[in-house]
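Fit chain A to the known structure of chain E by using the hints.
Just so you know, the sequences run in chain order E and A. Number 223 in numbering that gives the first Met the number 0 belongs to position 224 of the first sequence; there are no gaps in the numbering. Number 150 in numbering that gives the first Met the number 0 belongs to position 151 of the second sequence; there are no gaps in the numbering.
Careful, some of the hints might be misleading.
[To be verified] Result set (DSBU-like, lysine-lysine): computed pairs, CA atoms no more than 35 Å apart in a straight line:
1) Lys73/E with Lys184/A
2) Lys63/E with Lys232/A
3) Lys184/A with Lys5/E
4) Lys221/A with Lys207/E
5) Lys190/E with Lys50/E
6) Lys93/E with Lys221/A
7) Lys184/A with Lys50/E
Please keep in mind that the hints were generated in silico from the structure rather than gathered at the bench. Given the structure is predicted, the values throughout are model-derived calculations rather than measurements.
As a plain string of letters, each chain reads:
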Amino acid sequence: MRINTKAYFWIFVAIALPILLFTGSDDHQKVDDIQILSILGFDVAEGAGMKGAGFHTDYSHQSKPTVLHAEAKKTKLILDQMNRQSSMPVEIGKLSLLLISKPLAERGIDEIVRSLCMDPLIDNIMLAVSEEPVEKVMEKLESKESHFLPLLLEQNMLHSELPPSNLRFFLYDYAGNGRDASVPYLAFTEKDEAIVQGYAVFDEDRLKLILDVQEMYALKVLQGQSMVGLVSFPLERGGMRDIALFRGYNGSRTRELDTSGDTPRITYHIQLRGAIKDYPKWVTYRDRSDQEYIRRELEEYLEQQLQRLLKKFQSKGVDPLGIGDYVRAYDRHWEERAFYAEEYPKLPYEVDVKLKLTEGGIDR
Amino acid sequence: MATLSFQRHIVGGAGHDAWLSLLLVGLSLHLVVWFMVYVMREAGEGDVLSLHRQLFGRWLGSLVSSCFYGYAMLIIITQISSYVEVINLWVFPYTNPWSLCLFLVLTVVYLVAGGIRVIAGICFWCVVIPSFLLLTLYFPLKHGHWLNFLPMFNHDAGDYLISAKQSVPLFFGMEFFLLYYPFIKHKEKAHRWAQLGILHTTLVYMLIAVSSFAYFNQAQLKQVLWPTLTLSKIVSLPFLERFEYIYIFTWFFVIMPVCCLALWGGSRILRATVGVSVRYGLWLSAAIVFVCSILFRGPIEVDALQHWLNYASIGAMYGYIPLLALGVLIRKSLR
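If we strip away everything but chain E, and leave its shape as in the complex, we get (with noise of 0.2 Å):
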């Protein structure tokens, strides 16, 4: 082509510059002069509406964290209200935590899931259902650094009894056929501190049960992610009665469907590799039968506690696990509806839990 590429170039830049640099301009936003939220709480008003509440650090005043308050019928009407009580654009590009109240969380949190989860902003955050009003939880925060609840979340998954969950998997469990969402459950303590008191289940977009911390255990191991947590278990023996505690490091999860008969049968497999952390007077722990008695007590015990948790989903008509998902994967004329009618209630599971145990106690 005969063309003078030169005089292309100057055009270019006479044209395209001005349009990046003039129309580039009124879209940048500092962090100075925006007011990002960390947590965003919701709780039910009355009628159908939602009240809303923002935690943010104003970095502008020393730091000092401040909530925002707001009442409306819709998430994104919630966020415009805190909007026009700022000084500073509200932003929630940087929100770490969304937490629902229970009461909530039982009305439906579909809206705040289609509004809010599916925003591109939203991105890495967590949620819980708090057991206090979202209001009352934000006033005890505000002594606290703005992060405090997340990384307490985040600590708990790591070191403690708490299944890891996000965003991310809320939603995959959230949207998938033959599964049902799962969020941390927070409460406060007497002391108003805020701790991690179980796990909420939702069924669809309801909040359906709450597992106390054993069971929350039972679920982590079950969903075979990470097996850390401590467990506290009974030992008898010749009338003497006492509890020993046993703590997970890792393990292994492995699931098995036998199609073979009527109904599907499905076998877990668990092998869990940790120690006993206390343990009865009466039991002496360098004593191979008496290891081996303890280890015989626990795993018969964790495979109940296991067996008990599958048969209460069942009985509630939760899926936590995405057992249907599980089925669905082998059975190619799976249906959501007519598994969860007729075959989950009466799904028959079997329990096997292989532990290993490592180190003891400092003492005999």
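Same frame as chain E, now just chain A:
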């Protein structure tokens, strides 16, 4: 641009088996490439435009060439409209779409004005540079749910066909081979490289499809608008909150080659049919693209564009090119 959202479209038919349709479409295109090479070898020195005239006569030939022009314009308008939509939605919500369109069109015009050598360079580098984005697929593959692929092949042939139909637009742009073939220096090697190119494209799309099918479940894939972009959001770096911004702006490189080729092809077709010089042809095409991409704003309009492009590319790849090969074969046997 189809790469950002094709997962959502292809699962509409065969669900979790849709990757098979994608693979089959990719494989079938090797045959289409073979047809193209056959046509061009028979066309002698000229490109497809002179072939049109030889085959169909002056008027009908120009008409067929004009259809090709419309197709090229449709490709570039769709690319620019949907890219501007993504930028507006994800990065700059307040920026005027027309300024972004103008910027994109001017960039393409500038590159095309450099001639076929510059375009060839752009095509090369704009494939190599964005390839680093493939590394980010490590994360969805690591967290993948492999049971999502089971049970395999429990769909009807019709479902696979729907998915196949939806995966064709991923490959548009290869038809421009018919236009730039005369400019290739080592024509005897061109066939091998064209086949390799299709193989590479198919493999890249398969990789993206498999990672998204493993990471999302089917219900999610139907909801997420741009699954590929959402996949990029998994990457979290301590110093960078939004990896998808890098992704979106690197996508500029991805749309450049096909836009450049389409505009270049468009201006050549205008010269061959209407007789305007390449320079005016280029500006005229650019003006058409700019006006149309402003007119087609909003999700419904962009979806409509993609819908038309879908049918146009199916027609071009599986209708026009084999028919052209047939025409060439008939002419050869008549001689």
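Going through the hints against the structure:
1. Lys73/E with Lys184/A: violated (63 Å)
2. Lys63/E with Lys232/A: holds (31 Å)
3. Lys184/A with Lys5/E: holds (26 Å)
4. Lys221/A with Lys207/E: holds (26 Å)
5. Lys190/E with Lys50/E: With Cα atoms ~25 Å apart, lysine 190/E and lysine 50/E stay inside 35 Å; holds.
6. Lys93/E with Lys221/A: holds (26 Å)
7. Lys184/A with Lys50/E: Distance of about 69 Å is beyond 35 Å: violated.
Hint check: violations occur at hints 1 and 7; the rest are consistent with the structure.
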